[in-house]
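From first to last, the protein sequence lines stand for chains A and B.
For the first sequence, this note's numbering assigns the number -1 to the initial residue and increments by one for each residue that follows.
For the second sequence, this note's numbering assigns the number 4 to the initial residue and increments by one for each residue that follows.
Simulated from the structure, these hints should not be mistaken for laboratory data.
Errors might be hidden in some of the hints.
[Claimed, not checked] Here are the simulated distance ranges between beta carbons:
#1 133/B / 256/A: 30 to 38 Å
#2 102/A / 86/B: 22 to 30 Å
#3 82/B / 72/A: 15 to 23 Å
[What the hints assert, rightly or not] As a list, the in silico EDC-like pairs of lysine to aspartate or glutamate whose alpha-carbon atoms are at most 16 Å apart:
#4 248/B / 173/A
#5 102/A / 105/B
#6 230/A / 212/A
#7 102/A / 104/B
#8 138/A / 257/A
[Said to hold, decoys possible] Derived list of chain B stretches under chain A, where covered just means 3 residues or more per stretch with a C-beta under 8 Å from a C-beta of chain A:
#9 30 to 37
#10 57 to 69
#11 72 to 86
#12 96 to 102
#13 110 to 124
#14 239 to 249
Don't be surprised by glycine CBs; every beta carbon is placed ideally from N, CA and C.
Each chain, letter by letter, is given below.
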Amino acid sequence: MSNNHAPIPGLGDHAVGFPHSASGWGVLAFTLVFGAELIGILHWGFSLGAAQRRVAEEAGSIELHARETSSLSKQIRAQAQELVFLQSLPNILPKERNTLRTQKVVAAEVQTLRTKVGSRLHGALHVVVDAKANVLYLKKGLKLLWQADCSVGRGGVLKDKRTGRRWEFVTPRGEFRVRGKRENPVWHKPDWAFVESGQPVPPPEDPLRQAQGELGAYVLDLGDGYLIHGTKDEAGLGRPVSHGCVRLGVEDLAKLYQEVPVGTKVYIIY
Amino acid sequence: MLTMMLRRTARKTPQGLLWALGLLLCIGAHAARLQLKKETLACRAQSQALAEQGAVVADAASQFSALNELKGQDVAKFKQGLSRLADSKRQVYEAGMALQEEKRLLEKQLELLTTFLMVDMPANRIHRMRGEESVESFPIAGVRAAAGPVRSPDVLQIASKERFAHPERGEFIEKDGQLQWNPPQVGTSVRSNALGEYVIFAGPSVILHGPSSKSADHEAFAHYCLGLSAVAARKLYAGSFIGMKILFKPGLASLPLSTPAAAPVVPVAAAVRPSPKNR
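The following block holds chain A by itself, in its conformation from the complex (with noise of 0.2 Å):
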């Protein structure tokens, strides 16, 4: 019995005492078999772990793509929305067509306009009131040298109860002249100023009366007590606010102050 119990070589100490026989060849067969397959399972185990990890990758990728179509695909519906309403914008613009040919036959109006007053005016230097809009207009002929903001008459009545009088605040239309300029004038308040403040009207050369600094830096007088002067409120330039005489900024008034002589002719224009 002991003969046929030698170890077989390769087989290590587990083969240890099978004999050269069928039986052992058996064995060996068998381990041989039997590791083949272990091989094969640790095999195809790996495969499939490396399988699944590949599934997964694509099919993050499929997800990542997919994130970034449906983004894609929102952005272009936005823009195409965005299309949409621009190409819609321009509607609420004038049809160019008739507004170029109205223009067109108004451009002629007013080039015929140009002519008549052109003929009157002779290329004057003269100012233009614009009491509608509050506008001031420097010209010489038909050419605008500058223009301004201005205040005129505020429109409206004020009435005295005492004595009955009663003042109208409009700016008068017509055609005037610069009768004279002033520097740091002295404002004479009139009747009215203290009947609208409420306070007893002083005497005419009562010094109550002598207000400076009240009409600016300068003043043109275009007569009949109408003015060209500054204000203290710039702010209301633009609207008419002011009792009958026609207001201006203080850099706008030095200008004018400058640039006009006596004797310029200041058309008010309703």
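Following the hints, position chain B against chain A.
Leaving out everything else, chain B in the frame of chain A:
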């Protein structure tokens, strides 16, 4: 120890059972290997399919990206074009507005330059003329002239307009040695009563006005005037402006004069004391 146990187990266990166990192990391992192989192949096939789908999705994403880029370019171009279009239309609009504004100013200025009053004495009417055309015509209710020789130019100009003819400066009264000033009172002034509400001063000598409040005061107040009805005075006042020319046809010298007895001739320039309106 393990070897000993195995040997002991091998000795004790019948050989047939060992073979059967070995065979079962081999079959189990084989089956497991086949199963793993099958699953691996299925997984690979799935991976392959996913890879193909992924390529399709990536392609679609790329197309979407390109489309998005194109749309973006379209929108940018459209905005640029729209901006230019809007700018162009704004310029057209602004030019139109400027033309309208200039037209309005020129029309108003031309109206000032071409409108005048024509007093037609033979027809007893005052015409508001625009060029050669009579825009409005008002009947003269009465002509009043002070005594003395009247010589005025045939052309006058409106120097002043008063809505309420009371620009007087009141009066000083000395009371207890002190000078007191009494503001003018409406209704007490001869001038105010004589001229009424709508008063137009033409040049240095002629006044156009509506009905006087008191005819006695009108007679007493020395002036040259053309009387108008209340409606005509209001309309003429609204339609006239300072600086407006007044043509007399024929000249003022031929006005029929009525001479009030005690009325001294007061030059209108003195009678017209401009009220201090500066404000």
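Whether chain A covers the region 30 to 37 of chain B (at least 3 residues having a Cβ closer than 8 Å to its Cβ atoms) = Holds: 4 residues of the region 30 to 37 of chain B have a Cβ under 8 Å from chain A.
For the region 239 to 249 of chain B, do at least 3 residues have a Cβ located nearer than 8 Å to some Cβ of chain A?
-> holds (count 4)
Are there at least three residues in the region 110 to 124 of chain B whose beta carbon sits under 8 Å from a beta carbon of chain A?
-> holds (count 8)
Has the hinted range 30 to 38 Å been met by the Cβ atoms of residue 133/B and residue 256/A?
-> At 36 Å between Cβs, range holds.
Satisfaction of hint between residue 212/A and residue 230/A, Cα-Cα up to 16 Å = holds, 7 Å
Taken at face value, is the distance from the CA of residue 105/B to the CA of residue 102/A at most 16 Å?
-> Holds, at about 14 Å.
Does the alpha-carbon distance linking residue 248/B and residue 173/A stay inside the 16 Å limit?
-> Distance of about 10 Å is within 16 Å: holds.
Counting residues of the region 72 to 86 of chain B whose CB is closer than 8 Å to a CB in chain A, do you get three or more?
-> Since three or more residues must qualify, the claim that chain A covers the region 72 to 86 of chain B holds, with 7 doing so at under 8 Å.
Can the suggested window of 15 to 23 Å be confirmed for the beta-carbon pair residue 82/B and residue 72/A?
-> Because 20 Å falls inside the window, the suggested range holds.
Coverage claim, chain A over the region 57 to 69 of chain B, checked by counting residues with Cβ within 8 Å (three needed) | Contact hint for the region 57 to 69 of chain B vs chain A: holds, 7 residues under 8 Å.
Between residue 102/A and residue 86/B, does the C-beta distance stay in 22 to 30 Å?
-> holds, 26 Å
Verdict on chain A covering the region 96 to 102 of chain B, where coverage means 3 or more residues with a C-beta closer than 8 Å = With 4 residues close enough to chain A, the hint holds.
This entry satisfies every hint, going by the numbered hints stated previously.
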